[in-house]
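Each chain, letter by letter, is given below.
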Amino acid sequence: MAGRILRRPYEYAIAYAILIITGFLMVFPFIFMIMSSLKTSSEVVQVPPQLFPSVIQLGNYFEVLRIVPIGTQLWNTVLVTLGVVAGWIVTSVLAAYAFARLEFPGREWLFGAYLGTLMVPFAVLIVPMYRIMLVFGWVDRLEALIIPWIFTAYGTFLLRQFFMSIPKDLEEAAMMDGASRWGILFRVFMPLARPAIATLSTFGFLYAWNSFLWPLIIISSPQKKVITQGLVDLQALYAARVDLVMAGSTLAVLPTLLIFLLAQRYFIEGIATSGLAGR
Amino acid sequence: MSNAQTTLAPAAPRSPMSQRRLRETLDAYGMLMPTILGVGIFFVIPLAISLFLSFTDARLFGDPNFVGFANYLRALGNATFWTSIRNTFVFSLATMVFSIVPALILAILLNEKIIARSFFRAAFFIPVVASVVGVSLLWRYLLNVDFGFVNYALSLVGIGPIPWLTRPEWGLISVIIVFSWKTIGYNMVIFLAGLQGVPAQLYEAASLDGANRWRQFWNITLPMLSPTTFFVVVTTLINCLQVFDVPIALGLTRGNTVGPADSMLTVVPLLYREAFLAGRMGYASALAWILFVIIMVITFVQFRVSSRWVNYD
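Protein chains in written order, with the numbering used here: chain A, 48 to 326; chain B, 5 to 317.
Isolated chain B, as found in the complex (with noise of 0.2 Å):
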C-alpha cells in the first residue's frame, strides 16, 4: 500500500515549477476539488462540532453551554451506559467466534475440490447483501416464541420453547445469532481470497520433505493466512462495536427500549436514544467520543499484538 514515492510538503522550499508540473498540480486540485469540498463539509467540520458538542449541554434546539467534562461524567456513572458497553463488548466477542470460526471453516472446504462451488459460494453470501432491517424483521418471525420457526425445529428435538426476543437474558444472543448469520458469507469470501493466494510451490516443497497434510496446515495454510485472518479479525471487530440496525430492528419497543429490559441495548442504539429520542445531543456526542476511543485504542492494541501472530514474508 505505502508508495515509495518522494512526497513534496507543501510547506517546504520549492524550487520553481516547470509549466508541466503546474500544470499537472492545477488539474489534479482541480479532480480533487468535489472531493476536498465534500470532506470538508461533511466529515471535518462534523468531526470538530461533534468534539466541541460533547463539552456541551446542547439539545435539539437552541444554543449550546460549555459544561467541561461534565458529560462524559455522566455517562461514566450512568448504568444504562455500562449496561451498553458490556452488551456491546459481550456481543462483540461472541460475534467475532461465530462469524469468523465458521467463515474460516467454510472458506478451506470451499477451497477443496468440491462440485457446485459457485453455488455454495453465493449461498453463503446472500444474507451478506440483502437489507438488515428486512432480515431482521424477518428473524424477529422465525424467533417468535409461539409460532416462529426456530422453536418448532427445536420442538422436534424436544428442545424449548425458547423465549428468544421475549426475554433479556435472550435477547442479546439473538442479536448475536442474527449479525452473525449474516456476516459469515462476507468473512468467508475473504478467506477463500486469501486461501487462494497461498503459493501452491510452498506445499510442494513439504510434500517432499515428507509433512503430511494436517502438517502442511498448520505450517503452511494458516501461517500464510494470517494477514487474512487479522484484517477479518480487525474489521470485523470495528463493524461490531459500531452496530446499530439489528438491536434496532429486532429488538425495539414501543417504550423505546432497545430488546426487553434493555437486553439489545448496544452503545450505538444508546447514542441515538438520548441524541434523537431524548434529545440531549451534548450527551450523545461525548457517547460517540468515548465509542471513537474504544475503537481506536483496541485497533491500536490489535496491531501492536498482531506482530506476534501474523506473518507478513
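Just chain A, with the same shape it has in the complex (with noise of 0.2 Å):
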C-alpha cells in the first residue's frame, strides 16, 4: 500500500462522496439538456424545474430542422471535421516521420520552429487570414474551415514521439530488401502507428467539430455555416423558447459524446502523452 493516501473506511466514505458527487455535477447538465429538449416550450421554464417531461416528444427536433438550416450545417460540419482529420493525418504522418527517421539538413532547427509556432496565439492570425482568405477567393467557403488548418505541430509531435519508439531493425530489414523510405513509411510505420494515428483524429476530430472563432468570421450564408454558428443563430433568434434551444445544442454535443464514449482510451493517452512531455 506504498503511497497511498486513503487507509481506514470513513476516508474512502469521504473520497466516494466527492467522486460522486462531482461526477454528477459533471453529467447531470447533460442529462438535463436531453431531457429539456424532449419537453415543451412552457415545461422548460416551469418553476420548480422537473427532470422529466411529462410526455416525450421529438417536436422540438423537427422544428429546428425547420426554422434553422441546422440539418445542412450539421452536414457541413460534418465535412469539414472529415477533411481536417484526414488533412492533420496526411501531414503530420509525413512530417512525423522525416523528423523521426530521415538525417538532413536543418531537421532540429525546422522542428523546433515548428513546435514554437504552437506560442502563438490564434488571435494574432484571425485578422490577416481573413484578408488572406479574401485574396484566396475562400471567404464564405467551405475549403477556409479546411485547408488552411489542416497542419499540426501537436500532432507531428505526437507521432514523431510515437515513430522514434519503434525498434530501428525494422527499416533497416526492409532497406536491405531494397524498400524506398516512402515504402517503408506507409507499409511499415504506418501500420504500426494506427494507435498513435487514433489518437490524433480524436483530437483533430474535437478540433474541428467544436470550432467556432475561425467560422464566425469566415462564414456568412446559412446554407454553409457549421453547428456551432447555427447554435448562436438559433439562441439569438428564438431566445425565449429554450426548448428549441437545448434540442439544437444536444444535436451539436450529442455526436462527440458518442465518438467520446466509444474511442475513451484514445482521448485519454492522447492527453496524457502531451501532459507527459511536460516532463
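Derived from the structure by calculation, the hints contain no laboratory data.
Hints may contain errors.
Stated by the list, open to error - Listed next, with one range per pair, are the computed distances between beta-carbon atoms:
1) A:Thr-164 <-> B:Phe-70: 20 to 30 Å
2) A:Ile-81 <-> B:Arg-27: 54 to 64 Å
3) B:Val-301 <-> A:Ile-103: 48 to 58 Å
4) B:Val-301 <-> A:Ile-65: 35 to 45 Å
5) A:Ile-65 <-> B:Ser-311: 30 to 40 Å
6) B:Glu-208 <-> A:Arg-241: 32 to 42 Å
7) B:Gln-205 <-> A:Ile-65: 22 to 32 Å
8) B:Phe-56 <-> A:Phe-169: 16 to 26 Å
9) B:Val-238 <-> A:Ile-67: 26 to 36 Å
10) A:Gly-118 <-> B:Arg-78: 36 to 46 Å
11) B:Gln-200 <-> A:Pro-269: 42 to 52 Å
12) B:Gln-23 <-> A:Gly-118: 50 to 60 Å
13) A:Gln-93 <-> B:Arg-78: 46 to 56 Å
The structure presented is a predicted model; accordingly, all values stated were derived computationally and were not measured.
For glycine and all other residues, C-beta sits at the position ideal for the given N, C-alpha and C.
Put the two chains together into one complex, using the hints given.
Have a look at this one:
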C-alpha cells in the first residue's frame, strides 16, 4: 500500500462522496439538456423545474430542423471535420516520419521552429488570415475551414514521439530488401502507428467539430455555416424558446459524446502523452 | 525532448554528400513539403502581415496607411481595453484555481484503490469533449435568473435568486464557473498520468524510513508531480488568456456587448468585435500583439520561476 493516502473506511467514504458529487455535477447538466430538449416550451420554464418531460415528444427537433438549416449545418460540420482529420493525418505522418527517422540538414532547426508556432496565440492570425482568404476567394467557402487548418505541430510532435519508439532494425531489414523510405513509411510505420493515429484523429475531430471563432469570421451564408454558428443563431433568434435551443445543443453535443464513449482510450492517452511531454 | 543528434546548419561548409545522404535529404524535404508550404502560407505570412497591420489604420477593405504606434497608444488610453485586460486576468487567475485544485484532488483520489475508476474518469471528462458553444447555451439556461436549475437548487438551501447572467457583478463569475467546469476533467487526466509515473520504490524506501503517509505525500508525491503541475499551470494559463467561446456564447447580446455592461469582455472577444464588427483591423492587430507579448512575458517568467519549485530528477 506504499504511497496510498486512503486507509480507514471513513476516509474511503469521504473519497467516494467527493467523486460521486463531482461526477453528478459533470454529467447531470447533459442529462438535463437532453430531457429539456424533449419538453414543451412551457415545461422548460416551469418553476420548480422537473427533470422528466410529462410527455416525451421529438417535436422540438423537427421544428429546429425546419426554422434554421441545422441539418445542412451538421452536414457541413461533418465535411469540415473529415477534411481536417484526414489532412492532419497526412501532413503529420509525413512530417513526423521525416523528423523522427531521416537525417537532413536543418532537421532540428525546422522541428524546433514548428513547435515554436504553438506559442503564437490564434488571435494574432485571424485578421491577416481573413485578408488572405479574401485574396484566395475563400471567404464564405468551406475550403477556408479546412485547408488552412490541416497542419498541426501538436500532431507532428505526437507521431514523432511514437515513430522514435519503433525499433530501427525493422526499417533496416526493409532497406536491405530495397524498400524506399516512402515504402517503409507506408508499409511498416503507418500500420504500426494505428493507435497514435487514432489518438491524433480524436483530437482533430474535437478541434474541427467544436471550432467556432474562425467559422464565425469567415462564413456568413446560413447554408454554409457550421453547427456552432447555427446554435448561436438559434439562440439569437429564439432566445425565448429554451426547448428549441436545448434540442439544437443536443444535436451539437451528442455526436462528440458518442465518439468519446467509443474511443475513450485514445482521448485519454493523447492527453496523458502531451501532459507527460512536460517532464 | 531535446535530441543529442548533431545538426548540420545549412549555411555551414559541407563535405560533399554521399549519394545516400542526398537521397535522404530529398525524401525528407519531399515529406515536409506540405507542412512547409502550409505553415509558410497560413502561419509565417499571416504573422508578418499581422505585425505590419498593427502599425496601420487598416479597415475591413481598402489600402492601409502607416500610423506608427498610434494603435498601441490608442489601446493603452482606452477604457474598454483596460476592462478587457482586467477581466482577462481576473478570469484567468480564478479559473487557474478552480480548474487546477479540484483536478488535482480528483486525480489523487482516483489514483487510490477506487471501484469504478474508469467510470468516474469518463464522467469527469465528458464536459471536455462537448462543444463549448453547446454547453455555453446549456449553462445559459441552467443559470437563468428566473427558471434556471441552479437558482432552483440554491433556493432549496435558502440562497438567491442570483442574477448570474443579467448583472455585471456576476457575469465574469459565470464565465469562470462554466470554463472551470469544462476544464477540470482535462487537467485531472494529466495529473492522473503524472501520478501514475511516480515510481513505487520511492514510497517503499520512505515507508522503511518510517515516514507516514502525509509526509510521503508532501515529500514524495507533490515534488515528483511538480513537472506535471508546471505543465498544467502553463497550458491552463495560456488557454485562459485566449478565452473566446465561453464569453461570446454565454454573454453576446444584440447590442454587441459581451455580458451585461461588457462584464464578460476579455481580450480576444474585444479583438473580434473591433476587427469584424467595427472593421478596425489595424487596431485589432495591435490588440493581438499586445496579447501575444503578455503571453510570452508570463510564460517566460513562469519558466524562470519554475526552477524554484519544479523538480526534474
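Inset, instruction - Report the numbers of all earlier hints that the structure fails to satisfy, in ascending order. - result: none
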